[in-house]
Every structure is written in C-alpha cells, then in structure tokens.
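Start from the sequences and build out the full structure, keeping to the hints where you can.
Residue numbers (the working numbering), protein chains in the order written: chain A, 97 to 315; chain B, 31 to 289.
These are calculated hints, taken from the structure and not from any lab test.
Careful, some of the hints might be misleading.
Stated by the list, open to error - Taking CB as the label site, the calculated pair distances span: (1) B:Gln248 <-> A:Tyr291: 54 to 62 Å; (2) B:Leu150 <-> A:Gly287: 46 to 54 Å; (3) A:Phe140 <-> B:Asp229: 58 to 66 Å; (4) A:Val257 <-> B:Ala131: 43 to 51 Å; (5) A:Gln299 <-> B:Ala138: 50 to 58 Å; (6) A:Trp102 <-> B:Glu213: 49 to 57 Å.
Please read these numbers as outputs of a predicted model, since none were measured by experiment.
Every residue gets a Cβ at the ideal spot worked out from N, C-alpha and C, and that includes glycine.
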Amino acid sequence: MQESKWRILIRPLIDDNPLTLQILGICSALAVTTSLDTALLMSFVVVCVLALGSGSVSLIRNHLPHSVRIIVQITIIASLVIVVDQVLQAYAFELSKRLSVFVGLIITNCIVLGRAEGYAMHNGFVASVLDGIGNGLGYSLILILVGAIREFFGKGSLLNVQILVPTSQGGAFEPLHLMLLPPSAFFIIGGIIWYIRRKRPQQVEKPEFTLRQLRQESE
Amino acid sequence: MSDTVSKDNTLRALGVALAVAFVCALLVSVVAVSLRPVHRANIEAERIAQLELVLAALSDIGRAQTIDSLEARLVDLETGAFDDSTDPTAFDADRAASKPATSVAIPAELDLAGLKRRALLAQVYLVRGSGNAIDLIILPVSGRGYQSTLRAWLVLDGDARTVRALKFYQHGETPGVGARIEEPEWEAQWRDLSAYDDDGVLRIGVRSHGAGYSDDAQYQVDGISGATRTAQGVDGMLRFWLGDFGFEPFLQRIREDRL
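Okay, structure coming up:
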C-alpha cells in the first residue's frame, strides 16, 4: 500500500504533474518564464518552499485542530516565502528585482497549499518532504522548459548567452517578440499538456457532459 | 459533554495558532534583521552602479569626474531650493513617489511623462568648477516608454540651458528597437543641445517621423525608426522634467544665481 520513497519523488514529474495534470500555479508560470535564469531561480524557490512547508505541516499535523488548519498552513507558508524573499534580496539582488512580486505570490500558489492540505496533513515527515520536493521539481520541469523555449525564440539566447545573432546586429535571426509576451506561455504550456496527454491517454479527463447531437431539422 | 469538547477544541486551536504565529514571527524577524546590512549594501551598490554610468558619460564628453567629486543634494521641486533636512544619499525616490505624504499627484494635462505622481523632493548631483561655480548639473529623469519606465540621467551645463548628455540607466524597451536609446550613436545626439530658444521657451524633444523641418529642429534629436512610442516617451519625459512641474524652478534659481 505504501508508495516507495522514490515513487513519491518522481510521480509528480510527469504522471501527476501539478502544472500539466492539476493545472495549478499557471499564473506564476506565465510571468517568470520570459527567460531561463528567472525560471531557474523561481523553480529553486518553489522547491525550497514546498519541501519546507510540507515538512513543517507534516510535523505538527497531529496537533493541528481541524478548524484552524488552513490558516496555520498559510501562516507557515507565508513566513517561509518572506524568509526566502529576504534571502534572495540579499544574495540575488538583480534577479530578485526581475522576479518582483512573483516571489511573494508563491504564498497564493495553489501547489504549495494544495500539497500541505492534500498530502502533508495525512503523511509522515519524510514522505511529505519528498512529496514537496517532487511537486516542486514537477513545476520546475515545466517552468524551465517554457523558460528555455521563450528565451531561445524570443531573444535568441539561453541564460543570457547569445546563441543566434539577431537581425538588428547583422545576423539572420528574427526574434519572435510574441515569445516575450504572456500569451506565448499559454500556447507552450497548452502544447506540452497536449503532448503529455497524447502519450499518456489515461490523463485525459472524461468530458463532464457531451454535446447534444444536432438534430436533422435544425439545419 | 459536547460543551467541554468544543471548549477544549477552541482553547487548543488558539494555543496552536498562537504557537505557530510566534515561531513564524520569530523566524521572519531574525532573518529580516540579520540580513538588513546586506540589503543596505545592495541598494548602495546599485546607486553607485547608476552613478558609474553617468561618470562614464561625463568622461565621454571630456569632463571626467570621480564619484567623490559629485555633490549630492536634495531639491524641493516646487520651490527649487535645496532641502538639507535629510541625507541625500539615503533618499529613495521610488519609495517617496509611491507614498502620499512625500509625493504629489501630477495634473493630467502636465503629465507628459505618464508618471501620475512625483516625489516632492529629487536627488540631484552637482559638479563644481573653479570658484565653487556650478559646472555641471546631473538630474534624474524618468517617464513611460513603450512598455517600461525609462530612467536616465540628464546632464546639463552650469548655465542650466544646454544639454550635455542623456544617459539611460534603466529601461525595458524592445531589444534592437526601443532599446537603441542606450546605443552610443543615439546618445551622442544629446551632446551640446540647447534645450531652450533665445526667448527661454522649452523646445527640446525628439523629432517624430513625417514632421518635416520645423523651427524646433535645432533643439531636437532624431527619433528611432520602429520605436515611435519609445521616442515619444523620451520626448515627454524631458519636456516634463524640464518643465514647470519638474526641475524648472530649480534651474531658474541656478540661472539667477539664487541658490
């Protein structure tokens, strides 16, 4: 019955990915993926917050009265996010300015609260930490992929290293400015979801209702 | 029976909530206080880095200075007088502009830079020449560009009329198009440009496409093709900051030697 530790860690990568299967955390995924470096930093922060948040909630789960559990979880998560934000502002000042409010908004990222409430409240410390790290990595995987695609096609670079020379500097590469705008992240994430569900049809949701067949006389 | 249970639950809920709140508050406070020196150092390093840019611009026009030779002052924008009540280097313009107590709303018809509010004070830098006369005036200017806020240093001659340089230190304009405002060729246009005509009317700006020759031509620089909105942003930014709601009262005092 018990899942192996390894399964807990890798299950959220593709099989139960918080972004592509549960469709959580899309807001930040649109905002911080204009370049790979911000996507990487955001991924790191979310993994830290998820692991620590799930771990702490799991530790006190048996002492947590049912009526105040959500507010206590949010308090823990918010404190962790503030701490991480302070550390970033101290040691990654430039990047933290580019992430701007989106570090603070991790508090409202549904993945963090979702894992705390949905998993850490019923499972042991080690399993909860692993589940947090796994879900963080699942989120990171998509974030890094989208960040890499957007930076490469939008600016012709990866991690700010110019790979394709843009036409404005005499090269042959015409940057796709659409890639730097939020809608492109929708298209890319949509494409990834489609691809994963094509390869793993069990992820396809059953339609909640079917369209009525057009009757002949309505033509 | 059910009464004691619910009471017990309420007390327990309160106890757990208080304990968690206390631990979290302690954690956040300790981290915030212990990291404060690093935050301060970062902000100071950023200010120095921005000043380095204007120093580079000054050395480009043959007026090389060191960071210590710049005199930092705060200016009351309404009266144009110096305000020596606080330390100029610790002044945070963005923060001041966002707080109602330290900023003022810009009337819509005057808001050429699209800023909505501006701080009551501004941090300027002066370079003094022989006899303590003001040699160069370095003003911070900002305004809305196409998709970001443009921030730049505007260097004026000691006569408070002639533009010596315009150096952008922060913007998020489109790479290869609007971002060309920081290319040396475009910046070079801002050397020795008279901002006012002989009657003292503000004429500086960026020429827009299809405007043809106008009387303002000698006071204006060429725009950038494909970056009309950015160029309009630069134009509005300079007209606002050199206008009556910007630095004009301060510049007027310098011209009249009334500082």
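Please check whether Leu150 of chain B and Gly287 of chain A have a Cβ separation lying inside 46 to 54 Å. Holds: the Cβ-Cβ distance is about 51 Å, inside 46 to 54 Å.
Check your understanding: When you take the CB atoms of Trp102 of chain A and Glu213 of chain B, is the distance between them in 49 to 57 Å?
Key -> Holds, since Trp102 of chain A and Glu213 of chain B (Cβ atoms, about 53 Å apart) stay within the stated range.
Exercise for review: State, for the Cβ atoms of Val257 of chain A and Ala131 of chain B, whether the hinted interval 43 to 51 Å holds or is violated.
Suggested key: holds, 45 Å
Do the beta carbons of Phe140 of chain A and Asp229 of chain B sit within 58 to 66 Å of each other?
holds, 60 Å
Original post:
Do the Cβ positions of Gln248 of chain B and Tyr291 of chain A conform to the proposed distance bound of 54 to 62 Å?
Top reply: Holds, since Gln248 of chain B and Tyr291 of chain A (Cβ atoms, about 60 Å apart) stay within the stated range.
>> Quick check on a hinted range of 50 to 58 Å for Gln299 of chain A and Ala138 of chain B, using CB atoms only.
In response: holds, 52 Å
In summary, the structure agrees with every hint in the numbered list given earlier.
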